[in-house]
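Protein chains: 2
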Amino acid sequence: MNIRIGISGYGNLGRGVECAIRQNADMELAAVFTRRDPKQVSVLTKTASVCHVSEAAEWKDKIDVMILCGGSATDLPTQTPEFAKLFNVVDSFDTHANIPKHFENVDSAAKESGKVGIISVGWDPGMFSLNRMYASAILPNGRDYTFWGKGVSQGHSDAIRRIEGVKDARQYTIPVETALESVREGKNPALSTREKHTRECYVVLEEGADAAKVEQEIKTMPNYFADYDTTVHFISEEELEREHSGIPHGGFVLRSGKTGWEEENNHLIEYRLKLDSNPEFTASVIVAYARAACRLYREGQTGAKTVFDIPPAYLSAKDGAALRAEML
Amino acid sequence: MNIRIGISGYGNLGRGVECAIRQNADMELAAVFTRRDPKQVSVLTKTASVCHVSEAAEWKDKIDVMILCGGSATDLPTQTPEFAKLFNVVDSFDTHANIPKHFENVDSAAKESGKVGIISVGWDPGMFSLNRMYASAILPNGRDYTFWGKGVSQGHSDAIRRIEGVKDARQYTIPVETALESVREGKNPALSTREKHTRECYVVLEEGADAAKVEQEIKTMPNYFADYDTTVHFISEEELEREHSGIPHGGFVLRSGKTGWEEENNHLIEYRLKLDSNPEFTASVIVAYARAACRLYREGQTGAKTVFDIPPAYLSAKDGAALRAEML
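Chain order of the listed sequences is X and Y.
For the first sequence, the residue numbers in the working numbering are 1 to 328.
For the second sequence, the residue numbers in the working numbering are 1 to 328.
Isolated chain X (complex conformation) (with noise of 0.2 Å):
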């Protein structure tokens, strides 16, 4: 099978499923669509077309994946339905609030077009889900945790950066170990948002900047810090963009449940994932889901999935009798 995919939208995410191609030998990057001028934009692959965004109706029947690699807020409630038309795709949307509406726009252009679209694949919404669907469905009398970090938020970094005062920031969400100790020991705990989660910030100020001032005002963030427990290190410009340039993420999604007819037995189900590159892992999940995608259309299947509905192996570039022989 080969899969010829594109991209929309070249940032870290774009970058980070542009790699994850390379890995795949089934899989070939036919084109990148921009917004930006196309001749001002480098892709890494030498094969791949470089396009305007406005192109890509022309390139229907030349691709048999678009990866959507736009954010959540802006570009993917419209964008990806609006490809849904012509392409079969996969998104990332991750606002999980609006989870069921994006499904039912998505789901509907889909199925007027004949393709396949698959929303909100990454890890958190992803495999955070899927652990969270199968240990529920495993354990029906239990209780689900999940952890974040330790990694960067780009949305409190950018709160911070919002500031009068912040040059730059970098902030770091942290699990609780004690918490997550209490979770694995079965002892069930309700926890509150900062019991579960700190946050640790690293700033640095604009010339002149009142230190004191900024924070106080990160320390009382309505939503965003108010209820951690925050720590705030001011530092150069120059040690931020050295120790602190990576994007890494994870966390953990456990689930904590009883069994026997008594329900005397406990059991823990726990997920983890230790990333160096946030996008990158994302990136990676993504493409394995095209790979779905691409089975699922040439099976005559239509319409909006999510990684709920899709069988493992449609993941996997191996067969059945190969995964049963060699991973069962």
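Since the hints were derived computationally from the structure, they do not count as laboratory data.
Treat the hints with care, since some could be wrong.
It does not matter which identical chain is meant; a pair holds if it fits inside one copy or across any two.
Within a straight-line C-alpha distance of at most 30 Å, the following computed BS3-like cross-link-like pairs (lysine-lysine) qualify [as the list claims (entries may be wrong)]:
{"hint": "1", "residue 1": "K101", "residue 2": "K318"}
{"hint": "2", "residue 1": "K46", "residue 2": "K318"}
{"hint": "3", "residue 1": "K111", "residue 2": "K318"}
{"hint": "4", "residue 1": "K213", "residue 2": "K187"}
{"hint": "5", "residue 1": "K196", "residue 2": "K150"}
{"hint": "6", "residue 1": "K167", "residue 2": "K318"}
{"hint": "7", "residue 1": "K85", "residue 2": "K46"}
{"hint": "8", "residue 1": "K187", "residue 2": "K150"}
{"hint": "9", "residue 1": "K101", "residue 2": "K46"}
{"hint": "10", "residue 1": "K111", "residue 2": "K62"}
{"hint": "11", "residue 1": "K60", "residue 2": "K39"}
{"hint": "12", "residue 1": "K60", "residue 2": "K187"}
{"hint": "13", "residue 1": "K318", "residue 2": "K62"}
{"hint": "14", "residue 1": "K213", "residue 2": "K150"}
{"hint": "15", "residue 1": "K62", "residue 2": "K46"}
{"hint": "16", "residue 1": "K187", "residue 2": "K318"}
{"hint": "17", "residue 1": "K111", "residue 2": "K101"}
{"hint": "18", "residue 1": "K219", "residue 2": "K85"}
{"hint": "19", "residue 1": "K85", "residue 2": "K187"}
{"hint": "20", "residue 1": "K318", "residue 2": "K196"}
{"hint": "21", "residue 1": "K219", "residue 2": "K196"}
{"hint": "22", "residue 1": "K62", "residue 2": "K213"}
{"hint": "23", "residue 1": "K111", "residue 2": "K85"}
{"hint": "24", "residue 1": "K150", "residue 2": "K60"}
Given the structure of chain X, go ahead and fit chain Y onto it with the hints provided.
Frame of chain X, contents of chain Y only:
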């Protein structure tokens, strides 16, 4: 949806299935089938019938899914294909090397009868296999590790019990923590059998038995113990009963892999189970897949399936919209 379940074989696993059914509101236990005299078998579920296994055919239209709780060595290779002629079936066939053959046998029986047969369900094979497969599809350039334990190995305990002078025994398989840590750190170690697990044995001697001889015989037993660092503790029958009557198990599936254009970033995917009761957890997985078997059958699908073939959503009592709203 109401799913009527039959259980064939009422040992630890069968009783585990009975307990799991009780936790799932859309299921009921219709009947237990045994090779013993049904009058001598009392089950926990007051509403369930107890029948001799030879009467199973009479239940053809009164059971939606038959769960086969026999052993992989001699029961399941013949039972699963036989029962698949009459029922949708789920088994926990775990002789890895014979899975392809078993799959074929169940597939042809189930295709002929128009039923669904899900084989090799549990945690290994089962949830561990799923995690190996998902992780290798996501990180094609990586390395897999499976560690088992801490847990009771029935096969190893039985092997000790067959030694002359041994009255009873319990064997624990224990993962080596330093090996696990080196995998977590992304070092991709090449690990020998001895470096991955240790074996701990609790042995009750017959009166007058030669402890030194028994210990020597255990530690040098080929395949079972010779390749491991093995510790032998001689204890009283009372202590064995008091401290070692549980059937805990679990383990770890890890994949460490690289992404990036120069494959410069490391990622770790870790799945862990910590189980108080191996048979009850296995049973809980099987019962979730019984739901899937019933749905697939009602959709008109037939033949043998494994965990790789089944969309995750089919395991859950919630519908697609609820899963997307609550779990994605």
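Do the hints match the structure? See the list:
no.: 1; hint: K101 - K318; verdict: between (34 Å within a copy, 18 Å between copies)
no.: 2; hint: K46 - K318; verdict: within (27 Å within a copy, 46 Å between copies)
no.: 3; hint: K111 - K318; verdict: both (28 Å within a copy, 23 Å between copies)
no.: 4; hint: K213 - K187; verdict: neither (40 Å within a copy, 44 Å between copies)
no.: 5; hint: K196 - K150; verdict: both (12 Å within a copy, 27 Å between copies)
no.: 6; hint: K167 - K318; verdict: neither (49 Å within a copy, 48 Å between copies)
no.: 7; hint: K85 - K46; verdict: within (28 Å within a copy, 56 Å between copies)
no.: 8; hint: K187 - K150; verdict: both (23 Å within a copy, 20 Å between copies)
no.: 9; hint: K101 - K46; verdict: neither (38 Å within a copy, 45 Å between copies)
no.: 10; hint: K111 - K62; verdict: within (20 Å within a copy, 38 Å between copies)
no.: 11; hint: K60 - K39; verdict: within (22 Å within a copy, 68 Å between copies)
no.: 12; hint: K60 - K187; verdict: neither (54 Å within a copy, 44 Å between copies)
no.: 13; hint: K318 - K62; verdict: within (24 Å within a copy, 39 Å between copies)
no.: 14; hint: K213 - K150; verdict: within (27 Å within a copy, 52 Å between copies)
no.: 15; hint: K62 - K46; verdict: within (17 Å within a copy, 62 Å between copies)
no.: 16; hint: K187 - K318; verdict: between (41 Å within a copy, 26 Å between copies)
no.: 17; hint: K111 - K101; verdict: within (15 Å within a copy, 39 Å between copies)
no.: 18; hint: K219 - K85; verdict: neither (46 Å within a copy, 66 Å between copies)
no.: 19; hint: K85 - K187; verdict: neither (49 Å within a copy, 45 Å between copies)
no.: 20; hint: K318 - K196; verdict: between (39 Å within a copy, 28 Å between copies)
no.: 21; hint: K219 - K196; verdict: within (17 Å within a copy, 46 Å between copies)
no.: 22; hint: K62 - K213; verdict: neither (55 Å within a copy, 73 Å between copies)
no.: 23; hint: K111 - K85; verdict: within (9 Å within a copy, 37 Å between copies)
no.: 24; hint: K150 - K60; verdict: neither (41 Å within a copy, 54 Å between copies)
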